[in-house]
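Undergrad: All residue numbers in the sequence shown are consecutive under the numbering used here, ending with 666.
Hint data in this document are derived by calculation from the structure and do not stem from the laboratory.
All residues carry an ideal CB built from backbone N, CA and C; glycine is no exception.
Please note that the accuracy of each hint is not assured.
The calculated DSS-like cross-link candidates involving lysine-lysine, where the alpha carbons are at most 27 Å apart (straight line), are [to be verified]:
#, residue 1, residue 2
1, LYS391, LYS358
2, LYS358, LYS329
3, LYS358, LYS379
4, LYS328, LYS391
5, LYS336, LYS391
6, LYS204, LYS358
7, LYS358, LYS336
8, LYS329, LYS391
9, LYS329, LYS379
10, LYS379, LYS336
11, LYS379, LYS391
12, LYS358, LYS328
13, LYS379, LYS328
Computed spacing ranges between beta-carbons, pair by pair [to be verified]:
#, residue 1, residue 2, range
14, LYS328, GLN660, 34 to 44 Å
15, ALA573, GLY635, 40 to 50 Å
16, PRO572, PRO609, 14 to 24 Å
17, GLY208, PRO344, 37 to 47 Å
18, ARG588, GLY340, 19 to 29 Å
19, LYS391, ARG478, 57 to 67 Å
20, ILE205, SER292, 38 to 48 Å
21, ILE205, ILE546, 22 to 32 Å
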Amino acid sequence: MASEPKSSTSKSQTMGRAILVGAGPGDPDLITLRGASALGRADVVLFDELATDELLHLAPERAEKINVGKRGHDAPTRSQEDINALIVERAKAGQTVVRLKGGDPFVFGRGGEEACFCAENDVPFEVIPGVSSMVGALAYAGIPVTDRRYAASFAVVTGHKDPTLPAEQTRWRELGSAVDTLVILMGMKKLDELVAKIIEGGRAPTTPSAAVMNGTLAKQRVVEAPLSELSARVVEAGLKSPAVVVIGDVVKLRDQLAWWERLPMFGKRVLVTRTGAQAGEMASALRAGGAEPVLLPMIDLVASDKLGPLDTALAQLESYDGLLFTSANAVRFFAARARGQGVAGGFSKLNSRVLCVGPQSARAALEEGLPVHLTGSGRGDSESFLRELIDILPPKGRRFLLPRSDIGRDVVPDGLRAAGAEVDAVEAYRNVPAPVDVAALRDDLLAGRLDVLTFASPSSVDNFFALLDPEAKAAAEGLVIAAVGRTTSRALVRVGVTPDVVPDRPGGPELVAALADHMAQTQERGE
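Build out the structure end to end from the sequences listed, making use of the hints.
TA: The structure is reproduced here in structure tokens:
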């Protein structure tokens with residue numbers, strides 16, 4: 140559960156408020172529930188360079204997003220004074236201002252200065268803690284900050300001193316031997332100098348040490364070395380900020396505890412061609428498996444411009460014996476139109492049975508307030524769904540409504556009609572090609588910057604391969620290719636591509652799990 144925010148006592152009914160939110164160490168899924176909720180209420184978001192698109196997408200579409208440009212010790216595009224003033228200015232204008240900061244706002248994030256400026260200007264504020272890289276990055280590197288066998292104390296220091304102060308603020312020589320574990324943030328530019336001072340202060344040159352770059356991300360890199368050799372090893376490996384340095388015997392535990400880099404999908408760049416919320420869910424599952432999702436929707440879904448038949452069906456909804464859904468998207472567009480027509484409030488009183496092809500469409504139906512009577516076995520293809528429908532609800536003499544896309548297959552309606560049913564297959568939404576930077580996609584394929592291609596619908600397959608010239612297609616065929624289910628798998632075969640991964644049950648999480656199994660087996664075979 141997210142931590143309770145610290146709050147000012149200043150209140151006003153006429154002005155907005157400032158919320159300092161810790162974004163965590165890198166992985167967007169590490170933001171707290173309360174932090175995500177704050178972003179969802181934002182009128183304006185002030186973010187640093189390390190903020191991810193995934194976090195910014197948590198803010199409302201109407202919210203203004205302002206890059207204030209700070210990245211560690213690098214020069215910001217705005218001064219801290221300008222940022223402070225902007226927070227106060229927008230809050231006094233009645234807006235909810237989210238100041239999104241990497242890690243934790245109060246751990247070397249200058250959040251204290253921003254909160255003080257709010258207090259001095261009578262602006263209500265909150266501080267929502269975040270996972271600091273001092274523990275988050277090290278946890279993903281398999282290095283605990285403390286361990287009863289090795290460390291009962293630790294210190295966290297910044298390698299970047301206040302340039303306005305002439306004297307050295309950190310007593311490196313004394314600190315080096317004062318604690319068991321020493322963690323340094325923002326110290327990469329002066330690492331050689333800092334290490335020398337720590338050794339001069341009595342820390343053994345052979346002390347285990349490590350530097351963790353891009354901690355918690357799929358591109359995480361870790362360099363281990365005796366303390367006296369760390370700077371040279373870091374330079375040799377090309378590590379740069381953002382990075383965390385840790386010095387102490389706890390580094391020995393990394394051999395046993397480096398769990399993140401041992402995940403079968405770690406470091407793999409996976410192209411996700413889904414769109415909307417489904418892409419986000421799949422991206423989250425991929426990140427949890429150590430992969431880096433690359434979002435490139437191949438289709439956009441838009442409401443149909445031929446809604447007359449659907450509106451007619453909605454007006455007589457209770458006359459149907461069955462309401463059929465073969466996708467979660469069909470559910471959402473149907474429900475949206477029903478709300479627009481004032482029908483959705485009566486979903487709970489439906490006489491017709493709600494019949495869904497699989498768990499994803501059933502989940503979407505329940506979320507929209509539709510009472511689900513049948514969920515398909517989960518094979519996810521129209522042929523299996525048709526057989527199950529005929530077995531459970533004999534079609535003869537019955538009337539069914541099937542909201543679908545403009546390119547929906549006719550397997551279900553034709554099969555039900557052949558069995559004696561009346562079926563109204565009505566268009567609720569359309570699939571249109573999404574805008575794609577074809578040159579950038581081609582470059583990524585030819586340069587080997589992608590490891591896996593995933594497809595969740597036949598239209599995404601068709602749109603993707605229609606963009607590729609023969610050279611780019613050959614490069615794509617050399618990657619691991621995954622299809623969400625059998626229907627999409629058949630679409631790949633039609634364009635001359637054999638998928639490597641097809642889950643037994645269709646769905647984003649199922650696809651990611653099957654992909655992880657495939658990668659694990661590949662590793663075991665040494666491929």
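Undergrad: Hint by hint, say whether it matches the structure.
TA: Status of each hint after checking the structure:
no., hint, result
1, LYS391 / LYS358, "holds, 22 Å"
2, LYS358 / LYS329, "holds, 23 Å"
3, LYS358 / LYS379, "holds, 12 Å"
4, LYS328 / LYS391, "holds, 25 Å"
5, LYS336 / LYS391, "holds, 23 Å"
6, LYS204 / LYS358, "holds, 26 Å"
7, LYS358 / LYS336, "violated, 31 Å"
8, LYS329 / LYS391, "holds, 24 Å"
9, LYS329 / LYS379, "holds, 11 Å"
10, LYS379 / LYS336, "holds, 21 Å"
11, LYS379 / LYS391, "holds, 23 Å"
12, LYS358 / LYS328, "holds, 20 Å"
13, LYS379 / LYS328, "holds, 8 Å"
14, LYS328 / GLN660: 34 to 44 Å, "holds, 43 Å"
15, ALA573 / GLY635: 40 to 50 Å, "violated, 23 Å"
16, PRO572 / PRO609: 14 to 24 Å, "holds, 20 Å"
17, GLY208 / PRO344: 37 to 47 Å, "holds, 38 Å"
18, ARG588 / GLY340: 19 to 29 Å, "violated, 44 Å"
19, LYS391 / ARG478: 57 to 67 Å, "holds, 59 Å"
20, ILE205 / SER292: 38 to 48 Å, "holds, 40 Å"
21, ILE205 / ILE546: 22 to 32 Å, "violated, 40 Å"
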